[in-house]
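Those sequence lines, one after another, are chains D and B. Going by full-length UniProt numbering, the residue at position 248 of the first sequence is 248; the numbering climbs one at a time, nothing skipped. Going by full-length UniProt numbering, the residue at position 167 of the second sequence is 167; the numbering climbs one at a time, nothing skipped.
Treat the hints with care, since some could be wrong.
Which copy is meant is left open, because identical chains are indistinguishable; a pair holds if it fits in one copy or across any two.
Derived pair list, reagent style SDA-like, types lysine to any residue, alpha-carbon separation capped at 25 Å [unchecked claim]:
id	residue 1	residue 2
1	K19	R84
2	K277	R101
3	K117	A98
4	K67	A91
5	K67	V142
6	K3	G43
7	K19	G230
8	K3	V149
9	K67	L93
10	K277	L165
For the record, the hints were derived by calculation from the structure and aren't laboratory data. Quick caveat: nothing in here was measured; it's all calculated off a predicted structure.
Protein chains: 2
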Amino acid sequence: MSKLGLIAGGGDLPREIIKACQGADRPIFVVRLRGMADPDLAGEDGYDSGVAELGRTFKALKGQGCKAVCFAGNVPRPDFATLRPDLRGMAALPGAIAAARHGDDALLRFLAGEFEKEGFVVEGADQVVAGLTLGEGPLGRVVPREGDVLDIDRAMTAARAIGGLDIGQAAVAARGVVLALEAQEGTDAMLARCAQLPAALRGAAGAPAGVLAKAPKPIQDRRIDLPTIGPATVVAAARAGLAGIVGEAGALLVVDRPAVIQTADELGLFVFGLPPKSDR
Amino acid sequence: MSKLGLIAGGGDLPREIIKACQGADRPIFVVRLRGMADPDLAGEDGYDSGVAELGRTFKALKGQGCKAVCFAGNVPRPDFATLRPDLRGMAALPGAIAAARHGDDALLRFLAGEFEKEGFVVEGADQVVAGLTLGEGPLGRVVPREGDVLDIDRAMTAARAIGGLDIGQAAVAARGVVLALEAQEGTDAMLARCAQLPAALRGAAGAPAGVLAKAPKPIQDRRIDLPTIGPATVVAAARAGLAGIVGEAGALLVVDRPAVIQTADELGLFVFGLPPKSDR
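Bound conformation, chain D alone (with noise of 0.2 Å):
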């Protein structure tokens, strides 16, 4: 396996790729982003980077030896106004910005195909990690009950239509009634907020109730931002007071597994895999 370039932003996810590639004897190189990548990864073989240093970038990663490259983790949309790019990227500004105007899912399509450009494999975070995706069925030990079929299916429909006008990866449904809708502000924001929502229209602490689910973007690259849940999720969806949380199989990140699987047993929470909607 050649050698590969972790391009890492926020979040667990980025730490989960290393102690992969470490498993596999597979080396890395962790181009770690300016203020989005965990303080934690510093001690890692790589070197901080502008988000729109490329030339820089571009430069490390082929004097790395580094063939392919894999971007991980949350990089929030840039302000272009206060970006500092080097030559190569300020070549890219253009079009970035233009892409930028279609969604963040267009801008981070761009910057792939800048990689690819100069020569780069872009491989996504489940081809790294063996295993890191959802598969089908439950994940723990709860399973989803018929009464959740309603709001599994309300959830997971919504989520899919904001996907599909790029705006948002999650929804949370209760009681047949969608109670929020993500887009820039994160799926534990709207968790945040679920819990905050009347009793009446959510799970009460005796009668769990609503479901969180995420689905991939119809139009997006999957090697690149499929949804993602963590331990945290779990916990984020009990506060809510919802009964489990639904993915695509194949099409959910879940990072940190066996603590997944721990804290949904010991809350009480499904984690179940749907099947890939067949109309994709």
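Keeping the supplied structure of chain D fixed, place chain B upon it in accordance with the hints.
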């Protein structure tokens, strides 16, 4: 004009309807929904009612000689487990619960149907109050600039899409990206979270950017629950750094229009009515 029975939920719209009826010498009787209607309405001719006391409400309205009713103001979805219906309300309960499983709008349509079955005519707020809806074009002095056109289109498309799913009526887009979608939290909460997003995503204080769009749901009975704005909406949009607000002409209720215009002009926001969507 026949005496109007006003079913009053939360917010300022019921007061606007009472004022309009008084100005037009139309008699009005106010059913103040307990826990929802503004306490200031206590002095009006009317009575307090639980949301499920249908029999009592029908009897009171008929005793008052009301032949028409108007639903106005926010009515949060009830907790069916703790409702206290009277006998007539009890009879409607199974239908209401079944309707609620299809969304809030289905529940409201069901309720309007129950009043019609009793012989009442259901009037929309905009039928009772002349000139209550937004017209085409700008409402105040400020007009959208060329740079706002993309955001107007993205926000309106998103608002219509979630309306098509009977989820919500409002969306915010800035610089080509949809920042937030409204579900059960309401427009004010949605705008408050936009204000907390990184400035790179939305408009900064010096350079407002972004648009709040409110659209009717395509399936909705336009006599009930049309989207609404008031002066507080304009203030919240300004706090979120937005450049303006758009709605569909004839399908956005403007509560306290003089204050909306004054606030928008002072804060430099546009309030703009788009032509109704032709393919409805």
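Status of each hint after checking the structure:
| no. | hint | verdict |
| --- | --- | --- |
| 1 | K19 - R84 | neither (31 Å within a copy, 57 Å between copies) |
| 2 | K277 - R101 | between (28 Å within a copy, 24 Å between copies) |
| 3 | K117 - A98 | within (18 Å within a copy, 55 Å between copies) |
| 4 | K67 - A91 | within (22 Å within a copy, 70 Å between copies) |
| 5 | K67 - V142 | neither (42 Å within a copy, 53 Å between copies) |
| 6 | K3 - G43 | within (18 Å within a copy, 77 Å between copies) |
| 7 | K19 - G230 | within (16 Å within a copy, 53 Å between copies) |
| 8 | K3 - V149 | neither (44 Å within a copy, 46 Å between copies) |
| 9 | K67 - L93 | within (24 Å within a copy, 64 Å between copies) |
| 10 | K277 - L165 | both (17 Å within a copy, 18 Å between copies) |
Hint compliance for this structure: hints 1, 5, 8 are not met, and every other hint is.
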